[in-house]
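**Student:** With the hints as constraints, model all of the structure from the sequences given.
Protein sequences, first through last, are from chains A and B.
So for the first sequence, the numbering used here puts the first residue at 1; every next one is plus one.
So for the second sequence, the numbering used here puts the first residue at 1; every next one is plus one.
Everything labelled a hint here was simulated from the structure, so no lab data went into it.
Since this is a predicted model, take the numbers as computed values, not measurements.
Just so it is clear, CB atoms sit at the ideal spot from N, CA and C, and this is done for glycine as well.
Possibly wrong hints are sitting among the right ones.
With the C-beta cut set under 10 angstroms, the calculated list includes, among others, these residues of chain B facing chain A [what the hints assert, rightly or not]: (1) Gln35; (2) Leu46; (3) Thr48; (4) Val55; (5) Ala57; (6) Arg58; (7) Val59; (8) Leu79; (9) Glu84; (10) Gly88; (11) Ala167.
With a Cα cut of at most 30 angstroms, we get these calculated DSS-like pairs of lysine-lysine [as the list claims (entries may be wrong)]: (12) A:Lys326 with B:Lys87; (13) A:Lys45 with B:Lys22; (14) B:Lys152 with B:Lys22; (15) A:Lys45 with A:Lys4; (16) A:Lys267 with B:Lys22; (17) A:Lys180 with B:Lys22; (18) A:Lys110 with A:Lys45.
Each pair of labels, with its calculated beta carbon distance range [said to hold, decoys possible]: (19) A:Ala174 with B:Val82: 29 to 39 angstroms; (20) B:Ile66 with A:Ala275: 30 to 40 angstroms; (21) B:Lys63 with A:Ser148: 31 to 41 angstroms; (22) B:Glu98 with A:Glu187: 33 to 43 angstroms; (23) A:Lys326 with B:Lys63: 27 to 37 angstroms.
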Amino acid sequence: MASKPARWDLEVDVVAVGSGLGAICSAIVAHDLDQQVVVLEKAPKLGGLCAYGGGEVFVPNNHKMAEIGATDSDEAGRQYLDFLSAGFADPKLLGKLLDNARPAVEYFEKEAGVKWIAVAGLPDYYYPEAPGTHPGGRYLSVDLFEGSQLGEWQHKTYLTPHIPLGVLHRELYAWGGLAKVTEWDYELIAERITNDQRSSGPGMMGYFIKAAMIDRGIPAYVETPVRELITENGRVIGVRAERAGQDFFVGARRGVVLAIGGYDMNKEMARQYEAMPDWNSAAPPYLDGDHMVMGGEVGAAVAAVPPTNLAMFFGYNIPGEEHDGKPLYRTSWECGCPHAIWVNRAGKRFCDEAFYKDYQPRVRMWDGQNQEMPNYPPFLIFDQNYRDRYPLGSFMPGTELPEELVKQANTPRELAEKLGIDGEQLEATLERYNRFAEKGEDPDFGSGSHPWSVRLTGDESYPNPCVGPLNKSPYYGLRLVPVGVGINSHGLRTNAHAQVMHVRSNPIPGLYAVGNSAALLDLGGGYQSGTSNMRAITWGYLAGQHLGRKA
Amino acid sequence: MAETEYSTMARLSVDTIWDFVKEMDNWAPLLTGYQAHEKQSETDSLWTVKGDVGVLARVVKFKVHITEWNGPERVSFELEGVNELLKGQGVFIMQPYEEEPAGAASAQRKNVFTRVVESLLRFFLRLFRGRPERAAASAAGPGEGWAQLTFKLRIDPGGPMAPMINAMMKPAMEVVAEDLSNRIIAQLEAQQGSKA
Ligand SMILES: Cc1cc2nc3c(=O)[nH]c(=O)nc-3n(C[C@H](O)[C@H](O)[C@H](O)COP(=O)(O)OP(=O)(O)OC[C@H]3O[C@@H](n4cnc5c(N)ncnc54)[C@H](O)[C@@H]3O)c2cc1C
Chain A
1 MASKPARWDL EVDVVAVGSG LGAICSAIVA HDLDQQVVVL EKAPKLGGLC
51 AYGGGEVFVP NNHKMAEIGA TDSDEAGRQY LDFLSAGFAD PKLLGKLLDN
101 ARPAVEYFEK EAGVKWIAVA GLPDYYYPEA PGTHPGGRYL SVDLFEGSQL
151 GEWQHKTYLT PHIPLGVLHR ELYAWGGLAK VTEWDYELIA ERITNDQRSS
201 GPGMMGYFIK AAMIDRGIPA YVETPVRELI TENGRVIGVR AERAGQDFFV
251 GARRGVVLAI GGYDMNKEMA RQYEAMPDWN SAAPPYLDGD HMVMGGEVGA
301 AVAAVPPTNL AMFFGYNIPG EEHDGKPLYR TSWECGCPHA IWVNRAGKRF
351 CDEAFYKDYQ PRVRMWDGQN QEMPNYPPFL IFDQNYRDRY PLGSFMPGTE
401 LPEELVKQAN TPRELAEKLG IDGEQLEATL ERYNRFAEKG EDPDFGSGSH
451 PWSVRLTGDE SYPNPCVGPL NKSPYYGLRL VPVGVGINSH GLRTNAHAQV
501 MHVRSNPIPG LYAVGNSAAL LDLGGGYQSG TSNMRAITWG YLAGQHLGRK
551 A
Chain B
1 MAETEYSTMA RLSVDTIWDF VKEMDNWAPL LTGYQAHEKQ SETDSLWTVK
51 GDVGVLARVV KFKVHITEWN GPERVSFELE GVNELLKGQG VFIMQPYEEE
101 PAGAASAQRK NVFTRVVESL LRFFLRLFRG RPERAAASAA GPGEGWAQLT
151 FKLRIDPGGP MAPMINAMMK PAMEVVAEDL SNRIIAQLEA QQGSKA
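**Tutor:** Here it is in C-alpha cells:
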C-alpha cells in the first residue's frame, strides 16, 4: 500500500472513483452538501456501464407512475423485493434501498434536471405470479437528452454499442420490441443520431454528467486509474492514481467512494467468483475488479450473493467487432423470438429460452454422477424462418452470417455434426418441439409464459410470441459463451451508509462503495432489470449524503 | 446515402500523385482501418477494413470494381459489401492548381461561420482521435506547381436500418476521406523531401 505522499497533487473533500452512475450520483450529492469533489476515471470516456445499457431504473411506487395511470404501494414493492431476494438479502440494506430509491430519483429530477418517464406496459419479471408484483410503471427511463449540452464532454462520454441510439422505451414497445427491430422507424432514429439526441443508458448518463460536470463544474480526470488507497491510522485519506504513467496523489479530506463497477474484465476473478468455466462481458472493457484488490489491501470484507440468479447472459463475439480495441461481446436475445431454441451437447432442450432467469441456473446445473455441467455450453439453433424475420446481433435478415461464428446446414443432423452435438437427439428434439410449436405451445419449458419476455423479445403476431417451429432449411447454430453485464455476485461489504466494512465488522473510516463495487446484499438472491441502476443511484445518493453530513 | 468529399492541395505534380494512386498497393495501407486487400483482376479487388462508427468497430469486407481508369486525372470505382448490405461509389480526382479550383470555390461559398465550425470540429476530431495533421503544407498556401487531390466517396447501406447506419457512418466517413487524402499527400511530400 502506498504511504501518504509528502505533498498531494490535488486535495479535495471527496474523491469519486469511476464515472458510472454510482460515482456521479455520489459526486452530485456531496457537491450539493458543500463538499469539494473530483471524479477519477480509468477509461478514456465518462459514463461507465450505464452508458452502455438500457437505462431502466426500477423504482416501486415511483412518483411518475401516476402520469401513466398506474398505482402501486410501498408495501407491494417491499413484498416483491423480498420475493426476489429469496432470503439472501440483509433486511436492513434492502429496507434502506427501498426507502430511499424514490427520494433519490426525485432528488435528481429536482436538483439535477433528470427527466424521468415511467415506462407503461412493461411488467416485472415475475408478473403476475409473485407477491407484490406489478404489470407496468415501476421502470423509469429518461426522455431524450441533447448531447450538445455536454460541452467538452460531448464526445468524451460513452454511447452504447448494444442498443440502437435515440429510441425511447415507449417507442421500443410501441414498435413491437426487439423481434420487430427491422420495422422500427429508422428515419426518426437517424434524425436523432444526427442531432445527438440520446435515449436509454447514454441519455440517462447524459443528464447526470451534465449535472455534475457542466452545471456544477465538478472536475473529472479520464485515463486516470486509481491504483491504491492511502490510509492513516486506519482511515482512508486519499488515493494513488496514475496519469500519463506518473503517480497522481489525490487527498480526500472526507472520503473516497469506490464506484468502479465489478470484475467482468478480470477473467480469472470472474471465473472463480461466478463459478463459470469461462467469462466474457458486454460491459466497457475497464471493469477489472480493482475494488476487490484495493479493498482487500485495507482489510475490507467481501460479501456475496448466490451467482445463480443474477443478471448474466450467454452470447457471442461477432468476429471483428470491437470496442476500445477489445472484442465486443453481445448478449443473445435471439432465443426469445419464435423459431429459435437452445440445446445442450446432447441435443436436448433444457430451459425456457425466452426467460434468462430460467436459463442461467439451468446452464449452471451440475451433474454429480458424471462430474460435469451437462448444459454447458448452450447452443443456439434457428432456421430460415428465423433468418427471414429477425436479426442475429447486428446481422439483419438478408445478410451473410460469418462462417467463423455461425454453422449452417441443410438438415438438423448435418448441423449437429458441424457443431459437435448429438444429431439424432437434435432431430428428435426438433420433432417434439415443432409438434407443439405449431400450436404455440411449449409444454416442456413454458417458453412465452412470462409477460415480460413476451413484451421484450416476443413477436406478438404469433399465437405464442416466443415460440415457432424450426422447419425451414437451412438450419443455423452457434455455440454460446457466458457474457456478463458487469453485475457480479461478489463485492465489498457495505453498511446502511454505503461505508465499506472491515473484516473485523467495523466501517472503514473514509471508504465508501456503491453500485456494483458493493456486494448485492441489498438485493440478495435475485435480479430484476433496473435494480442495478436503482442501487447505483440510491447508494450513490446515500454515500453523498453521508459524506456531506455536518461533522 | 452517406456522401463525403475532401480536397487537399500540395506542391506536387499531378503525375506524381497519379503514379502513386494508380498502384493501389501504395495507398491501401493508408486507408483508416485497413486490414487487407487482394487483387482479383486488373479492375477487381477484395478489401477488408475495420470501420469505426464511434460506438463500435466492425470488420467490413467489400468488393471494389474500377469503372474508370483515366490517368492522370481520375480513377472511379464502385464498391459492394460482402458481409454487409451496402453499395457505394468513389472517385479520386487529380488536377493542377488553378486560381479557383472546384473544391476551393465550393469552400468559399460556405459562410464564415460554417467554416469556423468545420475547422473547430476537425480540430476536436483530431484531438480525440490522434489524427494526422499536415500543418506545414496547408500553411504555405497553393501556387504554381501545386496540384489538388480530391477524394469523393458515397455509400448506400441497404436493409431496414439504412437510415440509421447512414447517420452513424457519415461523421466517420468524412474523417476517413480526409485522412486518406492527407496521408497520400503527406507520404508523397515526405518522399519528395527526402529526394531534395
Ligand atoms: C447492455 C447492458 C444493459 C444494461 N441495462 C441495464 C438496465 O436497463 N437497467 C439497469 O439497472 N442496469 C442495466 N445495466 C447495468 C447497469 O447499467 C450498471 O450495473 C449500473 O449503472 C451500475 O454501475 P456502477 O455505478 O456500479 O459502475 P459502472 O457503470 O460499472 O462504472 C464503473 C466505472 O469505474 C471505472 N473504473 C474501473 N476501475 C477503475 C479504477 N481503478 N480507477 C478509476 N476508474 C475505474 C470504469 O471505467 C467505469 O467507468 C446494463 C448493463 C449492460 C452491459
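**Student:** All the hints need checking, so say for each whether the structure fits it.
**Tutor:** Structure-based check of each hint:
1. A hinted interface residue such as glutamine 35 (chain B) counts as satisfied when its beta carbon comes closer than 10 angstroms to some beta carbon of chain A; here the least separation is about 9 angstroms, so the hint holds.
2. The beta carbon of leucine 46 (chain B) is not positioned within 10 angstroms of any beta carbon in chain A (closest approach about 14 angstroms), and the interface hint is therefore violated.
3. The criterion of a C-beta within 10 angstroms of any C-beta in chain A is met by threonine 48 (chain B), whose closest approach is roughly 9 angstroms, and the hint holds.
4. With its C-beta approaching chain A no nearer than about 4 angstroms, valine 55 (chain B) sits inside the 10 angstroms limit, and its interface hint holds.
5. Proximity of alanine 57 (chain B) to chain A holds as hinted, the smallest CB-CB distance being about 4 angstroms (cut-off 10 angstroms).
6. For arginine 58 (chain B), the interface hint holds, the least distance from its beta-carbon to any beta-carbon of chain A being 5 angstroms, beneath 10 angstroms.
7. Of the supplied interface hints, the one on valine 59 (chain B) holds, with its beta-carbon coming within about 3 angstroms of a beta-carbon of chain A, less than 10 angstroms.
8. Hint status for leucine 79 (chain B): violated, given a least beta-carbon distance of 16 angstroms to chain A, over 10 angstroms.
9. This hint holds: glutamate 84 (chain B) has a C-beta 6 angstroms from the nearest C-beta of chain A, less than the 10 angstroms allowed.
10. A hinted interface residue such as glycine 88 (chain B) counts as satisfied when its beta carbon comes closer than 10 angstroms to some beta carbon of chain A; here the least separation is about 16 angstroms, so the hint is violated.
11. Taken as an interface hint, alanine 167 (chain B) checks out: its beta carbon lies about 4 angstroms from the nearest beta carbon of chain A, inside 10 angstroms.
12. The suggested pairing of lysine 326 (chain A) with lysine 87 (chain B) holds, with an alpha-carbon distance near 28 angstroms, which does not exceed 30 angstroms.
13. For the suggested pair lysine 45 (chain A) and lysine 22 (chain B), the alpha carbons sit about 40 angstroms apart, so the restraint of at most 30 angstroms is broken.
14. A threshold of 30 angstroms between alpha carbons decides the hint, and for lysine 152 (chain B) with lysine 22 (chain B) the separation of about 16 angstroms falls inside it, so the pair holds.
15. With a C-alpha separation of about 29 angstroms, the suggested pairing of lysine 45 (chain A) with lysine 4 (chain A) holds against the 30 angstroms cut-off.
16. For a cut-off of 30 angstroms, the pair hint linking lysine 267 (chain A) to lysine 22 (chain B) is broken: about 47 angstroms separates their Cα positions.
17. A C-alpha spacing of about 46 angstroms is found between lysine 180 (chain A) and lysine 22 (chain B), which places the hinted pair above 30 angstroms, so the restraint is violated.
18. For the hint pairing lysine 110 (chain A) with lysine 45 (chain A), the CA-to-CA distance comes to about 26 angstroms; that is within 30 angstroms, so the pair holds.
19. Here the CB-CB span from alanine 174 (chain A) to valine 82 (chain B) is close to 35 angstroms, well matched to the stated 29 to 39 angstroms.
20. Between isoleucine 66 (chain B) and alanine 275 (chain A) the beta carbons are some 56 angstroms apart, a value that contradicts the proposed interval 30 to 40 angstroms.
21. At about 38 angstroms, the beta-carbon gap between lysine 63 (chain B) and serine 148 (chain A) stays in the expected band of 31 to 41 angstroms.
22. As the Cβ distance of glutamate 98 (chain B) to glutamate 187 (chain A) is approximately 41 angstroms, the hint placing it in 33 to 43 angstroms holds.
23. Range check, lysine 326 (chain A) to lysine 63 (chain B): about 29 angstroms between beta-carbon atoms, so the 27 to 37 angstroms window is met.
Hints 2, 8, 10, 13, 16, 17 and 20 from the earlier list are contradicted by this structure; the remaining hints agree with it.
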